[in-house]
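Q: Residue numbers (the numbering used here), protein chains in the order written: chain V, 11 to 236; chain U, 175 to 377.
Treat the hints loosely; a few may be bogus.
[Unchecked claim] DEER-style ranges, computed between Cβ atoms:
#1 U:Ala-191 x V:Ser-227: 43 to 53 Å
#2 V:Ala-212 x U:Phe-230: 43 to 53 Å
#3 V:Arg-224 x U:Glu-304: 42 to 52 Å
#4 V:Val-84 x U:Leu-213: 31 to 41 Å
#5 V:Ala-15 x U:Ala-191: 31 to 41 Å
#6 V:Gly-72 x U:Leu-305: 31 to 41 Å
#7 V:Gly-104 x U:Asn-363: 29 to 39 Å
#8 V:Ala-180 x U:Arg-203: 20 to 30 Å
Just so you know, the hints here were simulated from the structure itself, not pulled from any lab data.
What you are looking at is a predicted structure, and each value in this text was computed from that prediction instead of being measured.
Every residue gets a Cβ at the ideal spot worked out from N, C-alpha and C, and that includes glycine.
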Amino acid sequence: MNDSAREIWRQGLWDNNPGLVQLLGLCPLLAVTGTAVNGLGLGLATLFVLVLSNLAVSLTRGLVQPEIRIPVFVLIIATLVTVVDLVMQAWFSGLSRTLGIFIPLIVTNCTILGRAEAFASRRSVGEALIDGLAQGAGFAAVLIALGAGREIVGHGTLMADAHLLLGEWARSLELVVLPEQIGLLLAVLPPGAFIGLGLLIALKNRIANIRAERTRSVSDPSPQAA
Amino acid sequence: MLKTLLTLGLIGLLAAALLSGVHLATRERIAAEQQRQALATLNQLVPESEYDNELFADRFSAWIAGLEAPSTLYRARRDGEPVALLADVTTPNGYSGDIRLLIGIAPNGDVIGVRVLDHRETPGLGDKIELQRSDWIRQFSGRSLGDPPGDQWAADQRGGKFDTLSSATITSSAVIQAVRSVLAWYANNRDNAFEIESEVNAE
């Protein structure tokens with residue numbers, strides 16, 4: 011179990027990351043990542059929905075006949091997203107206005123339906139829970155990294171408007187990294203999202219290649235002789 | 175077949191029950207939160223200490239030439255005397271769609287101030303109409319329909335007296351013209367703007 015848990019975490023955060031490898035849920039990923047706080051907010055909301063939907067799907071996996079499983083998944087996910095949307099409107103209204111339409115759009119995030127179909131409907135509740143956490147955290151990490159990068163390059167700040175998510179104390183979290191005059195506008199505009207994501211994927215592949223290289227040279231110290 | 179139907183129905187019922195519960199639990203808070211936010215915006219222009227009526231409830235709709243209809247107008251009063259008229263208006267002439275503004279007018283027709291409530295203007299250029307990004311929006315305070323006169327109620331890029339945000343002439347003009355439209359409406363309705371029956375009964 012421990013080994014399998016570690017493997018599920020590695021899949022979600024790195025090897026099979028929903029944002030960088032599966033390339034699922036690109037609509038919210040590209041659209042809301044203008045700032046790190048927006049990324050964090052949508053990341054947490056998606057993580058929450060993903061964990062609950064994985065749990066619900068895994069719990070009902072014996073009861074639901076295969077031919078109706080997709081409508082049931084969609085119903086479960088839509089219900090959970092609506093719950094999150096209402097809760098955010100009631101308790102985090104500032105952030106709810108910033109993220110606007112993208113909270114209801116979590117329904118269409120293929121990551122969630124994908125995990126329900128490919129993982130949660132075949133595994134135990136415990137594994138489904140870990141998978142929800144791992145995939146959700148992997149997705150959130152990409153949202154935050156992309157949001158932070160675009161915010162620094164575009165606005166010269168980091169964690170601006172954190173108080174919308176975390177309360178008044180978080181106003182002091184805002185860092186001014188660059189003076190605003192040299193902010194590169196393109197980063198905050200839509201093309202910046204595509205360029206930023208492309209760079210992140212390239213970086214991820216580069217690191218993965220270097221690591222693969224290293225393992226190969228360790229297991230086979232003299233490839234030339236082969 | 176029957177069993178399949180039952181399963182789907184049961185899960186649908188569970189989902190409906192959960193949603194009704196959450197809706198009931200959050201309904202009042204969401205309504206209160208929306209009203210609190212609307213009031214907080216109104217208070218940016220007229221501080222709470224300057225009026226004593228139910229500002230949010232003392233409102234009516236009006237059709238203002240040149241703006242998306244209908245606009246909502248709020249009235250602040252103190253001891254029954256007019257303090258300010260606050261117009262929540264939307265202009266369709268922004269660079270990328272609607273710009274929603276809150277425009278405060280004193281009973282004598284002077285602009286108290288203007289704030290941007292909602293917009294989709296270009297980040298870094300047109301979004302300087304927000305007070306958080308620049309002081310541009312403050313230039314309207316104290317102006318009135320005759321100051322500057324007639325044709326000069328326009329962006330300086332277009333021969334007027336108002337500052338233009340660089341590379342955002344369309345955005346600047348949209349805001350300037352919206353303020354002017356509201357002032358023109360008020361000039362024509364000055365006598366009854368504070369008399370019109372409120373559309374909301376005091377709750």
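Q: Each hint: holds or not?
A: Taking the hints in turn, this is what the structure says about them:
{"no.": "1", "hint": "U:Ala-191 x V:Ser-227: 43 to 53 Å", "result": "59 Å, violated"}
{"no.": "2", "hint": "V:Ala-212 x U:Phe-230: 43 to 53 Å", "result": "52 Å, holds"}
{"no.": "3", "hint": "V:Arg-224 x U:Glu-304: 42 to 52 Å", "result": "49 Å, holds"}
{"no.": "4", "hint": "V:Val-84 x U:Leu-213: 31 to 41 Å", "result": "39 Å, holds"}
{"no.": "5", "hint": "V:Ala-15 x U:Ala-191: 31 to 41 Å", "result": "33 Å, holds"}
{"no.": "6", "hint": "V:Gly-72 x U:Leu-305: 31 to 41 Å", "result": "57 Å, violated"}
{"no.": "7", "hint": "V:Gly-104 x U:Asn-363: 29 to 39 Å", "result": "35 Å, holds"}
{"no.": "8", "hint": "V:Ala-180 x U:Arg-203: 20 to 30 Å", "result": "21 Å, holds"}
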